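**Student:** Take a look at the letters that make up each chain.
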Amino acid sequence: AQKITQTQPGMFVQEKEAVTLDCTYDTSDPSYGLFWYKQPSSGEMIFLIYQGSYDQQNATEGRYSLNFQKARKSANLVISASQLGDSAMYFCAMRERGYSTLTFGKGTMLLVSP
Amino acid sequence: GAVVSQHPSRVICKSGTSVKIECRSLDFQATTMFWYRQFPKQSLMLMATSNEGSKATYEQGVEKDKFLINHASLTLSTLTVTSAHPEDSSFYICSARWDLGIEKLFFGSGTQLSVL
Numbered sequence: 884a885q886k887i888t889q890t891q892p893g894m895f896v897q898e899k900e901a902v903t904l905d906c907t908y909d910t911s912d913p914s915y916g917l918f919w920y921k922q923p924s925s926g927e928m929i930f931l932i933y934q935g936s937y938d939q940q941n942a943t944e945g946r947y948s949l950n951f952q953k954a955r956k957s958a959n960l961v962i963s964a965s966q967l968g969d970s971a972m973y974f975c976a977m978r979e980r981g982y983s984t985l986t987f988g989k990g991t992m993l994l995v996s997p
Numbered sequence: 323g324a325v326v327s328q329h330p331s332r333v334i335c336k337s338g339t340s341v342k343i344e345c346r347s348l349d350f351q352a353t354t355m356f357w358y359r360q361f362p363k364q365s366l367m368l369m370a371t372s373n374e375g376s377k378a379t380y381e382q383g384v385e386k387d388k389f390l391i392n393h394a395s396l397t398l399s400t401l402t403v404t405s406a407h408p409e410d411s412s413f414y415i416c417s418a419r420w421d422l423g424i425e426k427l428f429f430g431s432g433t434q435l436s437v438l
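Residue numbers (this note's numbering), protein chains in the order written: chain U, 884 to 997; chain P, 323 to 438.
These aren't lab readings, by the way, just hints derived from the structure by calculation. Computed from a predicted model, the values in this text were never measured in an experiment. All residues carry an ideal CB built from backbone N, CA and C; glycine is no exception. Treat each hint with caution, since some may be false.
Claimed, not checked - Quick list of simulated restraints, FRET-style, between CB atoms:
no., chain 1, residue 1, chain 2, residue 2, range
1, U, Gly-893, P, Glu-409, 20 to 30 angstroms
2, P, Gly-375, U, Pro-997, 48 to 58 angstroms
3, U, Pro-997, P, Ser-405, 45 to 55 angstroms
4, P, Glu-409, U, Ser-963, 17 to 27 angstroms
What the hints assert, rightly or not - Lysine to aspartate or glutamate pairs mimicking EDC-like chemistry, simulated, CA-CA at most 16 angstroms apart:
no., chain 1, residue 1, chain 2, residue 2
5, P, Lys-377, P, Asp-387
6, P, Lys-336, P, Glu-409
7, U, Lys-886, U, Asp-912
8, P, Lys-426, P, Glu-344
9, P, Lys-426, U, Asp-905
10, U, Lys-886, U, Asp-905
11, P, Lys-388, P, Glu-409
12, P, Lys-426, U, Glu-979
13, P, Lys-363, U, Glu-898
Make the full structure from the sequences, and use the hints.
**Tutor:** Have a look at this one:
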């Protein structure tokens with residue numbers, strides 16, 4: 884079974900609107916971390932936001948917020964006030980206790996139009 | 323923020339040659355670095371975990387004799403693709419783990435390898 888599922892291969896949004904990118908995860912470990920990365924066409928992976936499984940509040944970083952619903956095992960990324968520069972591939976990832984690296988989802992391509 | 327430098331960003335080589343890719347953590351020490359491979363429009367697939375001063379741990383299906391990893395210092399890991407073939411053409415990206423308890427991995431900018 885996939886550990887990280889991103890069901891939206893592509894999303895379109897107009898500039899200045901908000902958009903939600905979906906991510907669900909599967910783990911039996913009570914301690915884990917969830918990450919979102921942005922990969923523009925240049926290829927670099929840019930860290931956006933992190934949510935720990937024990938964090939009581941949803942993580943926020945500027946225009947990015949993570950809608951963490953633990954019981955549903957979902958960690959959706961919300962981008963407010965989209966900008967043209969937000970057009971990129973977005974990856975959700977998880978790190979479980981005892982594992983030093985991340986498991987990535989398949990990604991969602993976001994296109995922001997003027 | 324922390325910076326990971328990866329070089330070269332792009333390399334074209336002839337089939338049968340070897341290519342070395344460097345991954346450096348510029349402003350922090352990283353006892354653990356990771357090497358990923360990414361095919362077009364696909365996710366990152368972990369190839370191996372590189373630990374400073376010890377042998378790398380390879381994921382299932384990754385040929386350790388083909389993809390040589392050396393992590394000789396706390397700031398440098400190298401991936402050498404030996405006797406490269408066209409099927410090795412891919413985007414390779416490294417990441418370094420911040421060892422100060424902060425849950426972050428920092429990524430290099432990637433290397434696009436094209437084997438002719």
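**Student:** Assuming the hint says 48 to 58 angstroms, is it satisfied by the Cβ distance from Gly-375(P) to Pro-997(U) or not?
**Tutor:** Holds, at about 52 angstroms.
**Student:** Are the Cα positions of Lys-363(P) and Glu-898(U) separated by 16 angstroms at most?
**Tutor:** At roughly 24 angstroms apart (the allowed maximum being 16 angstroms), Glu-898(U) and Lys-363(P) break the hint.
**Student:** Regarding the pair Lys-336(P) and Glu-409(P), is the alpha-carbon distance no greater than 16 angstroms?
**Tutor:** With Cα atoms ~12 angstroms apart, Lys-336(P) and Glu-409(P) stay inside 16 angstroms; holds.
**Student:** Hint says 20 to 30 angstroms; check whether the CB-CB distance for Gly-893(U) and Glu-409(P) agrees.
**Tutor:** Given about 28 angstroms between the Cβ atoms, the range holds.
**Student:** Quick one, are Lys-388(P) and Glu-409(P) close enough, alpha carbons at most 16 angstroms?
**Tutor:** With Cα atoms ~12 angstroms apart, Lys-388(P) and Glu-409(P) stay inside 16 angstroms; holds.
**Student:** Honestly, do Pro-997(U) and Ser-405(P) meet the 45 to 55 angstroms range at C-beta?
**Tutor:** 48 angstroms, holds
**Student:** With the threshold set at 16 angstroms, check whether the alpha-carbon distance from Lys-426(P) to Glu-979(U) stays at or below it.
**Tutor:** 13 angstroms, holds
**Student:** Given a hinted range of 17 to 27 angstroms, is it respected by the beta-carbon distance of Glu-409(P) and Ser-963(U)?
**Tutor:** For Ser-963(U) against Glu-409(P), whose Cβ atoms are near 42 angstroms apart, the range 17 to 27 angstroms is violated.
**Student:** Does Asp-387(P) sit within 16 angstroms of Lys-377(P), going by the straight-line distance between their CA atoms?
**Tutor:** 12 angstroms, holds
**Student:** Regarding the pair Lys-426(P) and Glu-344(P), is the alpha-carbon distance no greater than 16 angstroms?
**Tutor:** 20 angstroms, violated
**Student:** Would you mind confirming whether the straight-line C-alpha gap from Lys-426(P) to Asp-905(U) stays at or under 16 angstroms?
**Tutor:** Status violated; Cα separation ~21 angstroms.
**Student:** Run the distance test for Lys-886(U) versus Asp-912(U): straight-line Cα separation, threshold 16 angstroms.
**Tutor:** Within the cut-off at roughly 12 angstroms; holds.
Violated hints for the displayed structure, listed by number in ascending order: 4, 8, 9, 13.
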